[in-house]
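Enquirer: Turn these sequences into a full structure, and let the hints guide you.
Its first residue numbered 5, the sequence shown is counted upward by one per residue in this note's numbering.
Everything labelled a hint here was simulated from the structure, so no lab data went into it. Source: prediction; values computed, not measured. You may find that some hints are simply not true.
Unchecked claim - Restraint-style ranges between C-beta atoms, simulated for each label pair:
id: 1; residue 1: ASN10; residue 2: LYS77; range: 32 to 42 Å
id: 2; residue 1: ASP113; residue 2: GLN34; range: 19 to 29 Å
id: 3; residue 1: HIS18; residue 2: ARG183; range: 30 to 40 Å
id: 4; residue 1: ASN93; residue 2: THR190; range: 21 to 31 Å
id: 5; residue 1: GLN144; residue 2: THR54; range: 15 to 25 Å
id: 6; residue 1: GLN185; residue 2: LYS31; range: 14 to 24 Å
id: 7; residue 1: ARG46; residue 2: PRO161; range: 27 to 37 Å
Ideal Cβ positions, reconstructed from N, Cα and C, are used throughout, including at glycine.
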Amino acid sequence: SITIDNQKNLWIVHPRGITRFDGVTFKKFQASGELSKLKMVRRAYVFKDTVFIASAPGVLGKIYKDSVYYWSKDYEKDKLITRIHQLQNGQLCLFLNDARIILKTPKGDVLAGSVPENSRVVSTYNYGGDVRLVFYSETQKSISTVKLDPITKKFIPVQTILEQQVLLYDQATKTYWLRGQEGLVTW
Numbered sequence: 005s006i007t008i009d010n011q012k013n014l015w016i017v018h019p020r021g022i023t024r025f026d027g028v029t030f031k032k033f034q035a036s037g038e039l040s041k042l043k044m045v046r047r048a049y050v051f052k053d054t055v056f057i058a059s060a061p062g063v064l065g066k067i068y069k070d071s072v073y074y075w076s077k078d079y080e081k082d083k084l085i086t087r088i089h090q091l092q093n094g095q096l097c098l099f100l101n102d103a104r105i106i107l108k109t110p111k112g113d114v115l116a117g118s119v120p121e122n123s124r125v126v127s128t129y130n131y132g133g134d135v136r137l138v139f140y141s142e143t144q145k146s147i148s149t150v151k152l153d154p155i156t157k158k159f160i161p162v163q164t165i166l167e168q169q170v171l172l173y174d175q176a177t178k179t180y181w182l183r184g185q186e187g188l189v190t191w
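Expert: As structure tokens, then:
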């Protein structure tokens, strides 16, 4: 993945690390020791003035002011991150392997809810100013879509007529970008 921070630096993810390009020079960040042999880094997220790195098997890295604070850290002891979604306002939504959903806000981490019992998150996407979560219920064999209200931390059911996985909603053109049978589809 590639992302741009608030200072217009380009952050480029590669399997064993991440590189910052400031328009003139490249600076490579890479784990040391045994961690450097693993192909771990999956994606980078810019949150305020910090770059968070999502790595396999569900751990976080943190770079702040060109210093690596940690490279491979569990969210909590024995709690791994199964998915991360970035909201329009830059906040991060962390999905943990114990079904909790954590919202990383400027004031700290907040429990935003839990994935319903016997369900799993199929997809997440931004729609306007909120985030939509698509759950698959193992017991009901059905899909439901909810929006997460970041203020009340509640799930609000919403109707959707889309059957494909939503990758992105482009608010400017009011277009859904979907994963279809033949690849990328718009609706």
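Enquirer: If a hint holds in the structure, say so; if it does not, say that too.
Expert: Each hint, compared with the structure:
With their beta carbons about 23 Å apart, ASN10 and LYS77 fall outside the hinted range of 32 to 42 Å. Taken as a hint, the range 19 to 29 Å holds for the pair ASP113 and GLN34, whose Cβ atoms sit roughly 27 Å apart. The hinted range of 30 to 40 Å is not satisfied by HIS18 and ARG183, whose Cβ atoms lie roughly 24 Å apart. ASN93 and THR190 have their C-beta atoms about 25 Å apart, which keeps the hinted 21 to 31 Å range intact.
Here the CB-CB span from GLN144 to THR54 is close to 39 Å, at odds with the stated 15 to 25 Å. Between GLN185 and LYS31, the C-beta spacing of about 42 Å breaks the proposed range 14 to 24 Å. At roughly 31 Å, the beta-carbon separation of ARG46 and PRO161 lies within the given 27 to 37 Å, and the hint holds.
Of the numbered hints given earlier, the model fails hints 1, 3, 5 and 6; all others are met.
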